[in-house]
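Chains as they are written, first to last, in the UniProt record's numbering: chain A, 1 to 87; chain B, 1 to 343; chain C, 1 to 220; chain D, 1 to 537.
Hints were generated in silico from the structure; no laboratory data involved. Since this is a predicted model, take the numbers as computed values, not measurements. Careful: at least some of the hints might be erroneous.
Said to hold, decoys possible - Covered stretches of chain A (in silico footprint by chain C; criterion: 3 or more residues with CB under 8 angstroms from a CB of chain C, positions within the stretch not fixed):
#1 9-22
#2 34-43
#3 70-84
Said to hold, decoys possible - To give an idea of the chain C side of the interface with chain D (calculated C-beta under 8 angstroms), a few residues:
#4 Phe-34
#5 Ser-36
#6 Thr-37
#7 Trp-123
#8 Leu-151
#9 Thr-158
Built from N, CA and C at the ideal position, the CB exists for glycine as well.
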Amino acid sequence: MTDYRLYLLTWLALLALLACAVAATHWLAGWLAWTTVALCALAMASLVIILFMGLRHANALLRVFGVGGVLWLGFLVVLTLADYLTR
Amino acid sequence: MSSETSALPDYLPEVSKGLTLMPEQASAMAGRIDTLYIALVVICGLLTVVVFALIAVLGYRYRANSRANRESQSSEHTHRRVELGVLAIMLVIFMGLFGWASSLYLDMFRGPSAAMTINVIGKQWMWKVQHPDGTREINTIHVPVDETINLRVTSQDVIHSFYLPAFRLKRDVLPGSYREVWFTADNPGVYRLFCAEYCGSYHAQMRGKIVVMEQADYQQWLTRQGESEAPAVSGAQLFQSYGCSGCHMGKTGIQAPSLAGVFGRAVPLAGGATMIADEAYLHDSIVQPQKHVVAGFDPIMPSYSGQISEGEILQIIAYIKSLEPLDWKTNPSQNPTQGEAQP
Amino acid sequence: MPTTQPLNEAGQVAEQFNDIDQQVQSNLFGMWLFLSTELLLFGGVFAGFIVFRVIHGEAFAAAAGHLDLMLGSLNTALLLTSGLTMALAEQLVNNTRRRATLVMLLATIALGAIFIGIKGYEWYHEYEHHLMPVLGLPFEYPGEHPQQAELFFNFYFTLTGLHGFHMLVGLGLLSVIAILTWRWRDPPRIARQVQISGLYWAFVDVLWIVVFSLLYLLRS
Amino acid sequence: MSVATDPRWPREHYLSEGFRLRDWLLTTDHKRIAWLYLASITAFFFLGGTAALLIRLELITPPGDLVSADTYNQLFSLHGIVMVWFFLIPSIPATLGNFLIPMMVGARDLAFPRLNLLSWYIYTLGGLFTLAAVIGGGVDTGWTFYTPYSTMFSNSAVIAAAAGVFIVGFSSILTGLNFIVTTHKMRAPGLSWFRLPLFVWANYATSLIMVLATPVLSSVLMLIVVERLLGIGIFDPALGGDPLLFQHLFWFYSHPAVYIMILPGMGVVSEIIACFSRKPVFGYHGMVISIMSIAVFGFIVWGHHMFVAGQSIYAGIMFSFFTFLVALPSAIKTFNWTATLYKGRITFTAPMIYALSFVGLFTIGGLTGIILASIAIDVHVHDTYFVTAHFHYIMVGGMVTGYLGGLHFWWPKMTGRMYSELWSKVAALALFIGFNLTFFPQFILGYLGMPRRYHEYPVDFQVLNVMSSLGAGVLAIGYLLPLFYLFWSLRFGPAAGGNPWRAKGLEWWTDSPPTKHNFHRIPRVTESAYAYDPTAE
Numbered sequence: 001m002t003d004y005r006l007y008l009l010t011w012l013a014l015l016a017l018l019a020c021a022v023a024a025t026h027w028l029a030g031w032l033a034w035t036t037v038a039l040c041a042l043a044m045a046s047l048v049i050i051l052f053m054g055l056r057h058a059n060a061l062l063r064v065f066g067v068g069g070v071l072w073l074g075f076l077v078v079l080t081l082a083d084y085l086t087r
Numbered sequence: 001m002s003s004e005t006s007a008l009p010d011y012l013p014e015v016s017k018g019l020t021l022m023p024e025q026a027s028a029m030a031g032r033i034d035t036l037y038i039a040l041v042v043i044c045g046l047l048t049v050v051v052f053a054l055i056a057v058l059g060y061r062y063r064a065n066s067r068a069n070r071e072s073q074s075s076e077h078t079h080r081r082v083e084l085g086v087l088a089i090m091l092v093i094f095m096g097l098f099g100w101a102s103s104l105y106l107d108m109f110r111g112p113s114a115a116m117t118i119n120v121i122g123k124q125w126m127w128k129v130q131h132p133d134g135t136r137e138i139n140t141i142h143v144p145v146d147e148t149i150n151l152r153v154t155s156q157d158v159i160h161s162f163y164l165p166a167f168r169l170k171r172d173v174l175p176g177s178y179r180e181v182w183f184t185a186d187n188p189g190v191y192r193l194f195c196a197e198y199c200g201s202y203h204a205q206m207r208g209k210i211v212v213m214e215q216a217d218y219q220q221w222l223t224r225q226g227e228s229e230a231p232a233v234s235g236a237q238l239f240q241s242y243g244c245s246g247c248h249m250g251k252t253g254i255q256a257p258s259l260a261g262v263f264g265r266a267v268p269l270a271g272g273a274t275m276i277a278d279e280a281y282l283h284d285s286i287v288q289p290q291k292h293v294v295a296g297f298d299p300i301m302p303s304y305s306g307q308i309s310e311g312e313i314l315q316i317i318a319y320i321k322s323l324e325p326l327d328w329k330t331n332p333s334q335n336p337t338q339g340e341a342q343p
Numbered sequence: 001m002p003t004t005q006p007l008n009e010a011g012q013v014a015e016q017f018n019d020i021d022q023q024v025q026s027n028l029f030g031m032w033l034f035l036s037t038e039l040l041l042f043g044g045v046f047a048g049f050i051v052f053r054v055i056h057g058e059a060f061a062a063a064a065g066h067l068d069l070m071l072g073s074l075n076t077a078l079l080l081t082s083g084l085t086m087a088l089a090e091q092l093v094n095n096t097r098r099r100a101t102l103v104m105l106l107a108t109i110a111l112g113a114i115f116i117g118i119k120g121y122e123w124y125h126e127y128e129h130h131l132m133p134v135l136g137l138p139f140e141y142p143g144e145h146p147q148q149a150e151l152f153f154n155f156y157f158t159l160t161g162l163h164g165f166h167m168l169v170g171l172g173l174l175s176v177i178a179i180l181t182w183r184w185r186d187p188p189r190i191a192r193q194v195q196i197s198g199l200y201w202a203f204v205d206v207l208w209i210v211v212f213s214l215l216y217l218l219r220s
Numbered sequence: 001m002s003v004a005t006d007p008r009w010p011r012e013h014y015l016s017e018g019f020r021l022r023d024w025l026l027t028t029d030h031k032r033i034a035w036l037y038l039a040s041i042t043a044f045f046f047l048g049g050t051a052a053l054l055i056r057l058e059l060i061t062p063p064g065d066l067v068s069a070d071t072y073n074q075l076f077s078l079h080g081i082v083m084v085w086f087f088l089i090p091s092i093p094a095t096l097g098n099f100l101i102p103m104m105v106g107a108r109d110l111a112f113p114r115l116n117l118l119s120w121y122i123y124t125l126g127g128l129f130t131l132a133a134v135i136g137g138g139v140d141t142g143w144t145f146y147t148p149y150s151t152m153f154s155n156s157a158v159i160a161a162a163a164g165v166f167i168v169g170f171s172s173i174l175t176g177l178n179f180i181v182t183t184h185k186m187r188a189p190g191l192s193w194f195r196l197p198l199f200v201w202a203n204y205a206t207s208l209i210m211v212l213a214t215p216v217l218s219s220v221l222m223l224i225v226v227e228r229l230l231g232i233g234i235f236d237p238a239l240g241g242d243p244l245l246f247q248h249l250f251w252f253y254s255h256p257a258v259y260i261m262i263l264p265g266m267g268v269v270s271e272i273i274a275c276f277s278r279k280p281v282f283g284y285h286g287m288v289i290s291i292m293s294i295a296v297f298g299f300i301v302w303g304h305h306m307f308v309a310g311q312s313i314y315a316g317i318m319f320s321f322f323t324f325l326v327a328l329p330s331a332i333k334t335f336n337w338t339a340t341l342y343k344g345r346i347t348f349t350a351p352m353i354y355a356l357s358f359v360g361l362f363t364i365g366g367l368t369g370i371i372l373a374s375i376a377i378d379v380h381v382h383d384t385y386f387v388t389a390h391f392h393y394i395m396v397g398g399m400v401t402g403y404l405g406g407l408h409f410w411w412p413k414m415t416g417r418m419y420s421e422l423w424s425k426v427a428a429l430a431l432f433i434g435f436n437l438t439f440f441p442q443f444i445l446g447y448l449g450m451p452r453r454y455h456e457y458p459v460d461f462q463v464l465n466v467m468s469s470l471g472a473g474v475l476a477i478g479y480l481l482p483l484f485y486l487f488w489s490l491r492f493g494p495a496a497g498g499n500p501w502r503a504k505g506l507e508w509w510t511d512s513p514p515t516k517h518n519f520h521r522i523p524r525v526t527e528s529a530y531a532y533d534p535t536a537e
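Required output: the full structure, derived from the provided sequences and hints.
Quick look at the structure:
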């Protein structure tokens, strides 16, 4: 199966992203560092979910519920922050 | 406070027994709230009557053994149109109510500038009150009629809620932060003060009264109470006794920022940011000195958290507010306790 | 799910299901749902952290600087690698390669155990430096804003503790699976179990990525 | 009458599968698990109800003379915690839902029967923790556990109570998960989504909320326990923590939880009204859309519990806006139930009286919700008896009435027996009258300014409080009556037969009581839900 190679590549990409995020905290500051870290985290999480957890093979139902969980977390964070940022 | 079970505390205002439907009004805001409330009650009452009447009429007309016409049932398509109609009507009503209520709410929060500020501290299970001239009361607030009064409320322990039903006014009181509440009482009398947020064993006894007086009576009352000091004066004494003056007035050689005239100014912070030195900032600087360190100074100030009461903090803040920018610089030997009391 | 077809012939179907496909799909779906609840379980703490990260920005950034970035990154790398070994185990078990599957499972368990070990060392390190405000232990923070820093460390121990607990559950789960693989009765069933526990393991990875990024990496 | 010879009594059914204790405690049959839940939630209901009666007794006179202040505080905390988490949240889903959903979708059982049994054990374990907290000192935080009172000032029984609620949360997560998977994966052939009964839709939406909201409650309770137990707090204001953060996280669960409580009731009422009007529900699709949008929008309105708590005024207005929006689908639903009666063929059986009571009481509860959503008024009535009355109208007037209606409607299916028609109608009427007498005066009390959770109160509130307490007595009769005649029917009720109401829906296709696997053959569905015809007969 070619999946072995795909997984190895994913793993390498994950390590590269990790290195990238750690480097960002070293060399960058402020918003630039924040966005880099956030993007790297997002990319790493997505890679694990899509490849290691097999979301790419999964049917629409699983995808909807996978995205749904994240969306609901978004409700929680965004609306709570909306209070704190407008006080 | 003890749990007196036989009699109610005597600080409750006199009330009449019997059935009442609306609470008394004692401020202009109360009237405006009641207008909205009555409008809502009428709208909701009508809608309720419609639903109950429909159930009764349809239930009777289409009871199992009636001969009512049941032919030509409506289609899903009709249903959808009727539903959309109902939806549209409700949307219009709701948005109207939302707009009305929200604008009123904004008015309740953004009040006119106040004639005086009274400090109120909630603690289990009493309300401590400090007037600007230093008069202190417990569970009672005396205020003049027709003047905009600002209350600065905070809590010393758990969350309380400062509730004046006659003014339709309520604000939760949280430890560690100040809330501003304003009102203009327009009717002399004695009104209730409740704690509305559950705060422990004697929550129900955390009650008091607010006494609205004619201007002349109020002045008279003030002079009778006049013996006690203004908060700024007692604040000045606390400023010394807690040892604040040692560093902040340069007596011991330890470098600490001068506080003269600091209130309301922008303060440069160590991180490069600036902050306006308001009450919250000063409060934080006393109990959490490391939170906002002024640029150019070492973070060496110890926290006074737990050693100083909220009441004393308010007095020290009153003192700091009273300081003129040049109070210390020009004449360090001058006794700082002569700082002018806040008007 | 292309991998389930060869399993159909051998698998047992539980009585409430019509066929094995319905059963597999249901289990898979149930696991994904469970994982979304896990996300929101962490989500409450994440939301709290993000709020305080915004309102006490400077203090939290400085406090993050007191965590060991090197060990944290190493741990993240270990966990990502264990994600790989787990994914490989899933592939191998589908190809009915018992020994290789077992090796990969054991590797995953080993990596997870090392992660826990390093985490424990970090905690011990923080304990030694009086950065562990647990159970009234002294908290002596060398920088500015000690109160907010204490808040940061409260979050740190809550989040890493909660994650560590999930790791332990995962390790227990994988140990059971490893024993089942070693016995190798009913391979299609084992394949399904590996897949389900693989989902859990990978998700604990994902949670760690977020925990790591929030706690260790936002230090400016 | 002997049922053994009655042709309507099935020879084999799920109740005859085994009579030993282990046949019940180790069962994976969703119908038996429903009975386990029914027994436990009934016990908790009467526990919480007793606390409520004591509260009402105390409040007959203004001074706090019956019980001490601390006892009073523990009573209302017990009432709230038990009623919310151990009765209202599991009530319809765990009993009627558990019993009916597999039958309504035409399945032999839920997708995960063992998980189902496990969730009952988790529920019981959580209940034991909470009872332990009551015995070990009593909790006096109220059901809301507000910080810093719960973390720094209350007694340590809070830990056990919070742990109990934390544990029971997983029970509802697992139940929700089970329902969602069952609804998605196990529908009978021909049973498309838009042929599902509204009861299934309502429980599906409820399950979504359970699965997505409950974990946040778990995390916030965990934070409380951790703060008390280990001293690592994030709500402590002295550290720069924020007690309001607790309220945000708490209400992120606890507001949607209100919909966990009411949505299944709405589902029950839709079934009953359609059946006894002999008409399809008016606007089926509209009902489905309403259910789902309540479930989704219910998640973004939690801030309306914090209008005076100190959140920013702009956030307050935003949450007020969303709250008005979430009222729209409820309005549509109320309208549709009423419109279903139009051109129907209506019989006023006990379930129907319960269902129509539900519609009336829910209307009052919902509309007073609009008054509360009007943010300026909420400043005045927040934390007063107005709020108490409002949510009791929704949760007791709505939800408990719906639950009892459903219990009466499906009782013949669950037990195979009919209950007394007369007594059930008396109980339903007692409930409606007693309820209104209890809670309507509280609206007036609230606007007059009587705060909640008051052990003693000023004398001018007494008249209304006495009315309320009287009503509570009537209400208690309304709740006790079914206990007697339903028990009576278990032994002496006549056999009901498969479909005593001539109702539609797959659950009526099989025997009463049903066989172990629900159906002798998995049904194939060919028509939409509620294919009633009012012009016939």
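* To do: Please write out, lowest number first, the hints stated earlier that are contradicted by the structure.
  => When the structure is compared with the hints, only number 7 turns out to be violated.
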